[in-house]
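Sequences listed follow chains A and B, in order.
Each residue of the first sequence is one higher than the one before, starting from 63 at the first, in the working numbering.
Each residue of the second sequence is one higher than the one before, starting from 91 at the first, in the working numbering.
Worth flagging that the hints you see were computed from the coordinates, not collected in a lab.
Errors might be hidden in some of the hints.
Distance windows between CB atoms, simulated [what the hints assert, rightly or not]: (1) A:Asp-240 - B:Pro-410: 16 to 26 Å; (2) B:Arg-179 - A:Asn-234: 52 to 62 Å; (3) B:Phe-175 - A:Asn-133: 36 to 46 Å; (4) B:Leu-263 - A:Asp-240: 19 to 29 Å; (5) A:Val-337 - B:Ala-172: 50 to 60 Å; (6) A:Asp-117 - B:Ala-182: 51 to 61 Å.
So the derived list for chain A, only partly shown, Cβ under 10 Å to chain B, looks like this [to be verified]: (7) Leu-170; (8) Ala-208; (9) Glu-224; (10) Gly-227; (11) Ala-243; (12) Thr-245; (13) Ala-259; (14) Leu-291; (15) Phe-293.
We put the beta carbon where it would ideally sit given N, CA and C, even for glycine.
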Amino acid sequence: MPDDVMPPPESASAEAEIEPILTVPPVPGAPKPNPLLVVDDLSRSFGGLRAVDVDHLEVERGVVTALIGPNGAGKTTLFNLLTGFDRADTGRWSFNGEAVVAPSPDQLARKGMIRTFQLTKSLAKLTVLDNVLLGAPRQVGERLSAAPFRSRWQDQEQANTEKAGELLERFNLAHMRDDLAGTLSGGQRKLLEVARALMADPVLIMLDEPMAGVNPALAQSLMGHITRLAFEGLTVVFIEHAMEVVTGISDWVVVLAQGQIIAEGPPWKAIHDEVVIDAYLGRRRAEAGS
Amino acid sequence: MDFDIIFGNAARAAFGPEAVILALAAIGLNVHFGFTGLLNFGQVGFLLLGAYGTSVSVATFGWSLWVGVVVGLVLSVALAVALGFPTLRLHAVMFAIVTIAAAEIIRILIGSTDAIGLTGGPLSVSFDAGAFYDLNPYPDGPHDRYGVGTFEFTGQQMWVITVGWVLVALVSLVVYLIVSSPWGRVLKSIREDQDAARSLGKNVFSYKMQALVIGGVIGGMGGVIDAIKTSGADPNGFRPQVTFFAYTALLLGGAATYFGPVLGAILFWFLREWIESFLRQLSAEAWLPDAVADFLSGAEGVISVAMVGLTLVLLMLFRPQGITGNRTEMQLDAR
Ligand SMILES: Nc1ncnc2c1ncn2[C@@H]1O[C@H](COP(=O)(O)OP(=O)(O)O)[C@@H](O)[C@H]1O
Ligand SMILES: [Mg+2]
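Please model the complete structure; the sequences and the hints are all you need to start from.
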């Protein structure tokens, strides 16, 4: 059995390439080998409606996780809670090994948790370039004490401008860098928001329907970027409705319905899950009603 | 009808101390509203504290004028902090209501009879601004006049407006320097969408507070100039309309521009004084029916303010970006 003792090098590298995420059992709340985000008992109600009710969720570091679920499932609310834009009724979570206490959006963002919005928030009266530059972290010139002294921040601004230029190039917005962001189309604004988020050097990027309204060619290239970013070590969570996008770029899928995680798993498994199909077709609700 | 006199009056108002004061109030508002989007409807409160801080320090406590100036500015900062802490986290409309209320409360307190011993109450307060005029380099004899034709000032007036406009220039320069920086970019991002700013790690509350303090102190400087110019302060000079005049000047010149508030203040006073002088001359015309002349005389000031208001309405309709503003930027609001 020498083969077993000393496997050929090709098969060794092939084995190393099998992502640890694939060893995770496809069940709701499954623990992950190397989680970046760990959520427990998170809930949020609006009046009588329990919009989010998550017992346990782990997001694996360095992979692309898709968050799917029918309209009104609580996906955006979950994003809002995790990023500090909304207050949870109950629950706790940790990010990058650190417990999140008294979550505030700007603090979490400075720790590397950067989100985008389903309804784009481009800064209409700022130029496209300024929109992206705003994303840059730790800017000396953003301190009032340094602001009037250009020499103290212009080198950093220069470097940021170059980086922003590359991002705009990637997202096909370079030719519009000096236009006001308000003049962009809806799809272009989505891309601008993603570029701006990437400018912030995120550890985790959370994209709320980033492809909605983006033309197919650009959506295709955006998908390419997301895959590449994950390859470079970034952790991505994105909300998406189009199944071809989900299967195309995600490593893992989390399915939310009526605030709860009803399924989890690799894309080819998760979206064929009986429970998921039921949730999408609304059979459960119909049954509950009868 | 003597148009030379009308023009002279208008030009004197446009470059006189009143325009300096309005320009400072409007520059401060520009930092609040133009760049940061803070709907401050109580700008006059900052002017009031600047003016009363200076006046009361000298008149009541017998301190030097320069200490009074510092006290006036410190009180403006204090007002900004006191207003900002409870309200900057609230909705923009709540902030607007609180600012207008706070400014009125301060004015009513300062002007109440109970405050006579401290602020002069309704009687107003006056002090000797000699320390300022001692530095006047302009010869100020009874016949010394500076200017051409009907557009002329006395030596004392020249000194006030020289200091005033130099201050306006310096303040404008500082505002330009701090706003045309990454710091200013954050302010504008807060104006556009504060949640976007938050999502990128900006501490929105802290930036709003900084803007509130800076714009408030600039308004306070206007109050200080007012106190020095009149050698005192009167509660009636700080009614809410002062804030709205400052908004008029700001919108006239162009909000979120660097020179707009200054240009707007000059134009505001030019227009207002031109109309008032014109009406005063008109009411003296023999061919005017008595009833109309009676109505006009005495009402010139009110009518001229109404006309300035009308100008603002027309401006909003036909040139909403103001004189120096950017049209495309403005049109984005409609989207
Ligand atoms: N601020 C709010 N007030 C009341 N109800 C809300 C609020 N935000 C979301 N909801 C409700 O919570 C549920 C989940 O919404 P959301 O998170 O936006 O769903 P998704 O993003 O999955 O489409 C929906 O029924 C929605 O109507
Ligand atoms: Mg949503």
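(message) If I claimed the Cβ atoms of Leu-263 of chain B and Asp-240 of chain A lie 19 to 29 Å apart, would that claim hold in this structure?
(response) holds, 25 Å
(message) Is the interface hint satisfied for Ala-259 of chain A? The criterion is a beta-carbon contact with chain B at less than 10 Å.
(response) holds, 8 Å
(request) For the range 52 to 62 Å, tell me whether the beta carbons of Arg-179 of chain B and Asn-234 of chain A fit it or not. (result) Since Arg-179 of chain B and Asn-234 of chain A have Cβ atoms about 38 Å apart, the given range 52 to 62 Å is violated.
(message) Using the nearest Cβ pair, does Ala-243 of chain A come within less than 10 Å of chain B?
(response) Check passed: Cβ of Ala-243 of chain A comes within 9 Å of chain B, closer than 10 Å.
(request) Double-check Leu-291 of chain A for me: the hint is only fine if its C-beta lies closer than 10 Å to a C-beta in chain B. (result) violated, 17 Å
(request) Could you say whether the range 51 to 61 Å given as a hint is met by the Cβ separation of Asp-117 of chain A and Ala-182 of chain B? (result) This hint is violated: roughly 38 Å between Cβ atoms.
(message) Quick check on the hint: Glu-224 of chain A CB to chain B CB, less than 10 Å?
(response) violated, 15 Å
(request) Indicate whether the distance between the beta carbons of Phe-175 of chain B and Asn-133 of chain A respects the range 36 to 46 Å. (result) holds, 40 Å
(request) Grab the minimum C-beta distance from Ala-208 of chain A to chain B and call the hint holds if it beats 10 Å, violated otherwise. (result) Nearest chain B Cβ about 8 Å off; hint holds.
(request) Hold the hint about Phe-293 of chain A up to the distance rule: shortest CB distance to chain B must be less than 10 Å. (result) With a minimum Cβ separation of about 24 Å from chain B (threshold 10 Å), the hint on Phe-293 of chain A is violated.
(request) Given the range 16 to 26 Å, decide if the beta-carbon distance of Asp-240 of chain A to Pro-410 of chain B lies inside it. (result) For Pro-410 of chain B against Asp-240 of chain A, whose Cβ atoms are near 23 Å apart, the range 16 to 26 Å holds.
(message) Quick check: does the Cβ-Cβ distance between Val-337 of chain A and Ala-172 of chain B fall within 50 to 60 Å?
(response) Given range 50 to 60 Å: holds, Cβ gap about 56 Å.
In this structure, the earlier hints numbered 2, 6, 9, 10, 14, 15 are contradicted, and the remaining ones agree with it.
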